[in-house]
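Just need the whole structure built from these sequences, with the hints factored in.
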Amino acid sequence: MSATRRLPVRFPSPDPDLLPLPVTHQAVVLEEYRDEMDHMNVMWYAYLFAEATRQMFIDLGLTAEYFTSHSAGSFMLECHTRYVAEVRVGDNLAVRTRILGRTAKRVHAMHFMIRTDDNRLAATLEIICTHVDMATRRTSPFHETVANSIDAVLAAHSGLNWQAPVCGVMES
-7 MSATRRLPVR FPSPDPDLLP LPVTHQAVVL EEYRDEMDHM NVMWYAYLFA EATRQMFIDL
53 GLTAEYFTSH SAGSFMLECH TRYVAEVRVG DNLAVRTRIL GRTAKRVHAM HFMIRTDDNR
113 LAATLEIICT HVDMATRRTS PFHETVANSI DAVLAAHSGL NWQAPVCGVM ES
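First residue of the sequence shown? That's -7 in my numbering, and the numbers climb one at a time after it.
To be clear, the hints were calculated from the coordinates, so they are not data collected in a lab. The model shown is predicted, which means the values in this text are computed figures rather than measured ones. A virtual CB, placed ideally from N, CA and C, is assigned to each residue, including glycine. It is possible that some hints are incorrect.
[As the list claims (entries may be wrong)] Simulated restraints on C-beta separations:
1. GLY160 <-> TYR39: 22 to 30 angstroms
2. LEU22 <-> ILE50: 18 to 26 angstroms
3. PRO14 <-> ASP110: 18 to 26 angstroms
Next up, the structure:
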């Protein structure tokens, strides 16, 4: 039998205060989200986190109008999901988002899915997305207004008194 390794601690105890982070999506877990284990199927985590990512983009200035007028887009390069607490039909959820870093072309963020009825962290999703020139389908730098917007949010989030529980293998 192979040796077991201890998983890294996800958060210091008690859990950090997520309230300063913007809510990027809210939902009630619907009956159709239920799987044969009687909880929310993993595909719905992906869907709800995708909706949060869409709102994060809008909040940063990466709107449909921006993408059209700049012939730009965004591709997800990496993602890592952690399932922390079970989510079941009828649970009220909120996703809050923290910007962790950026380069000229990429943004590194983490979503926190919270069961709002008991304020319990249910899951996290760490992502790296890249800005794309849709004409060439190659990565390209963020427009200055978007870069400034990301920097402003990053500065605010960097002031939080807790470290994000990153997976440790992604770099922005």
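Now for the hints, and whether the structure bears them out:
1. In this structure, GLY160 and TYR39 meet the distance hint of 22 to 30 angstroms, their C-beta atoms being roughly 26 angstroms apart.
2. Between LEU22 and ILE50 the CB atoms are about 24 angstroms apart, so this pair conforms to the stated range of 18 to 26 angstroms.
3. A hinted range of 18 to 26 angstroms for the beta carbons of PRO14 and ASP110 is consistent with their spacing of about 21 angstroms.
In terms of the numbered hints stated before, the structure departs from none.
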